[in-house]
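Trainee: Given chain A's structure and the hints, the job is docking chain B onto it.
Next come the chains, spelled out residue by residue.
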Amino acid sequence: MKSLFPTQLGRDAAIGAVIVIAMLAMPSLASKGFVFILGTLSLHIVFGLSWNLMFGQTGLVSFGHASFFAIGGYAYALTARLYPDLHPLLAFSGAGLFSAALALLVGMVALRRSLGVYFAILTLALSQIVYLVLSSIPALGREDGFTGIRRPMLDLGVVAIDLAQGNNYYYFIIVVSALLAALLWWVMHSRFGRAFRSIQQDPDRAAFLGINVQANRLAAFAIASGVTAVAGALYGPWLQLLTPEVAHWTFSARPILYALLGGVQSFWGPVVGAAGFAFLEYGTRTMHGFSEIIIGTILLIVVLVFPGGILGGLALLGKRVGSKVRNETRVEEAP
Amino acid sequence: MVDFIASPLFNGLFTAMVVFLFTTGLTLIFGILRVLNFAHGGFFMIGAYVAFTLVRAVGAQTSVLGYIGVSIVAGIVTGLCGIVVERVIFRPLQKVDESYSLIATYALLLITEGAVKSIWGVSFHSVAPPDVMNGAVFAGNLVMPIYALVIIALGVLSYALLEWILQHTETGKLMKSVASDPWMAGMLGVNVPRFYTYLVVAGFFMAGVAGGLLLPNQTLSPNLASTFVIQAFGALIVGGMGNIRGTFLAAILLCVVDSFGSLYFPAVPGLLFYIAMTLALLFRPQGLIAGARI
Numbered sequence: 001m002k003s004l005f006p007t008q009l010g011r012d013a014a015i016g017a018v019i020v021i022a023m024l025a026m027p028s029l030a031s032k033g034f035v036f037i038l039g040t041l042s043l044h045i046v047f048g049l050s051w052n053l054m055f056g057q058t059g060l061v062s063f064g065h066a067s068f069f070a071i072g073g074y075a076y077a078l079t080a081r082l083y084p085d086l087h088p089l090l091a092f093s094g095a096g097l098f099s100a101a102l103a104l105l106v107g108m109v110a111l112r113r114s115l116g117v118y119f120a121i122l123t124l125a126l127s128q129i130v131y132l133v134l135s136s137i138p139a140l141g142r143e144d145g146f147t148g149i150r151r152p153m154l155d156l157g158v159v160a161i162d163l164a165q166g167n168n169y170y171y172f173i174i175v176v177s178a179l180l181a182a183l184l185w186w187v188m189h190s191r192f193g194r195a196f197r198s199i200q201q202d203p204d205r206a207a208f209l210g211i212n213v214q215a216n217r218l219a220a221f222a223i224a225s226g227v228t229a230v231a232g233a234l235y236g237p238w239l240q241l242l243t244p245e246v247a248h249w250t251f252s253a254r255p256i257l258y259a260l261l262g263g264v265q266s267f268w269g270p271v272v273g274a275a276g277f278a279f280l281e282y283g284t285r286t287m288h289g290f291s292e293i294i295i296g297t298i299l300l301i302v303v304l305v306f307p308g309g310i311l312g313g314l315a316l317l318g319k320r321v322g323s324k325v326r327n328e329t330r331v332e333e334a335p
Numbered sequence: 001m002v003d004f005i006a007s008p009l010f011n012g013l014f015t016a017m018v019v020f021l022f023t024t025g026l027t028l029i030f031g032i033l034r035v036l037n038f039a040h041g042g043f044f045m046i047g048a049y050v051a052f053t054l055v056r057a058v059g060a061q062t063s064v065l066g067y068i069g070v071s072i073v074a075g076i077v078t079g080l081c082g083i084v085v086e087r088v089i090f091r092p093l094q095k096v097d098e099s100y101s102l103i104a105t106y107a108l109l110l111i112t113e114g115a116v117k118s119i120w121g122v123s124f125h126s127v128a129p130p131d132v133m134n135g136a137v138f139a140g141n142l143v144m145p146i147y148a149l150v151i152i153a154l155g156v157l158s159y160a161l162l163e164w165i166l167q168h169t170e171t172g173k174l175m176k177s178v179a180s181d182p183w184m185a186g187m188l189g190v191n192v193p194r195f196y197t198y199l200v201v202a203g204f205f206m207a208g209v210a211g212g213l214l215l216p217n218q219t220l221s222p223n224l225a226s227t228f229v230i231q232a233f234g235a236l237i238v239g240g241m242g243n244i245r246g247t248f249l250a251a252i253l254l255c256v257v258d259s260f261g262s263l264y265f266p267a268v269p270g271l272l273f274y275i276a277m278t279l280a281l282l283f284r285p286q287g288l289i290a291g292a293r294i
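As they're listed, the protein sequences go chains A and B. Mapping to the working numbering: the first sequence position 21 is 21, numbers consecutive. Mapping to the working numbering: the second sequence position 62 is 62, numbers consecutive.
Looking at chain A on its own, in the form it has when it is part of the complex (with noise of 0.2 Å):
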């Protein structure tokens, strides 16, 4: 492998290549419900791998991720309804500079405070904030949800593309979320994602070494919140409904479960973990109640296991063969 990808960036961007292929050619090979599931599943891919930036690459262990999913949701939905002839690229991307303004305010006062377990409490309280603020506003559908969100008419200047037609809307979703994991790549590779992960490993040394931890810990806040709000943006006209359990703390699991069940070390430890969840649920979904036994018990085995997630315990499997391929033919040639 090593000889064929010389870079990093070569080997992943084949990797997310062949994916963003494969997931493109679905519709014609798939049935409408296993298309549904891969659209919905992309955009938890883009959920999760937006956490893993702040959690994977900075330490920080946000419990409210779902509220930025939410507010990107609703805020999109309510610009579409509000102003329905505004460019659909402008709605999608202002709901996520909304959300990413409101993660830098929030940031600038949450993260001097607190760290750790505090923040991730923090988190989950402001969150639960949302959640409740979202599910009492008349305008908002309160706890019906968001109704009637419609997919709408994409003008790209030369072509106007109806995203209510067939598939068009599922295409859409695959090339933004690609898009959006393209961007969360580079932050991670650039000069940020280098500091961003020294923080995590020593925030004192790292501030010593002239890194402004603060801002630094602040962007990753913002730029997570911001691409995970445009993944709820896009959610919203998909489902063609929000209901506030996008803002539940339940969905703020979500993310960390990916992550950490797909492994946080690598990029795209979310995106196996994602699929690996979809997969056992989309399995068990007939099972009432078994369903939660079995991915529980999943998810158990793989903490208490594989500590490092699927893509960590399948690193350390190929380390052991390779080292076992390497002690025999060393035995080989002994003699």
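Note that these hints are calculated values from the structure, not bench results. Treat the hints with caution; some may be incorrect.
Among chain A residues calculated to face chain B with C-beta under 10 Å, some are [claimed, not checked]:
{"#": "1", "residue": "Gly116"}
{"#": "2", "residue": "Ile295"}
{"#": "3", "residue": "Thr297"}
All C-beta atoms in this analysis are idealised placements derived from N, C-alpha and C, irrespective of residue type, glycine included.
Mentor: Okay, now just chain B, sitting in the frame of chain A:
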């Protein structure tokens, strides 16, 4: 006067004691093992369902003795679960990172929810308090249901009992020493692993008993676990990382504030709890009672 001050104060105290009774076991486990146990809510729920089944089997819950007995049986059932959980999950977790233990207990919460769904189904159930506790006491215009008074008394009693155990008994001193330095405690001859087992069993027992005692207070459904656990985390962290006194005070503070909040902002019930929690974390991040463990 009564409507605007005494009544929300009383309601706040009542919910505070509900939250405190729920949080005691969680606090003990977090204070000593440093495991933030999501599954606590799950075992609380199992306790409530076990108590419900017993009440159904016996017929209507009439006597106070039956009410307490049923709760203790529920506690024994969850305590037994605690033995298994400690062996299979908590002990191996000591070696892995804190955030993984969060995930493991969340996974356990999922399992308990699944177990409840497959054993008891998804329909809603409710149980009335024992007949003796059905009335209410009137103090002027203030209506105080007897059941609420009983819960407040139970909350204060269990706080006093725990405080006494922790401050004045050998067991309490042992708990404090293990909490502050398990390695050193082990060196001095404490069997720390066995101590952890007892502790987890005690914590789970408390979860089950609380489930039984609070059964008449809420509707039973598989969502019960996740509704309580967040408020409990709030009281736990605002109190100061797992000490009983801090948790007790934090539960009262947050719930009384929330009770006044629901009176003045009825549009969003429960909102003030989390706003108070956020402010408390921002202005006193070390917790109400800082430094003290357990």
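Trainee: A separate judgement is required for each hint: does it hold in the structure or not?
Mentor: Each hint tested on the structure:
1. Gly116: Holds, about 8 Å.
2. Ile295: 6 Å, holds
3. Thr297: 6 Å, holds
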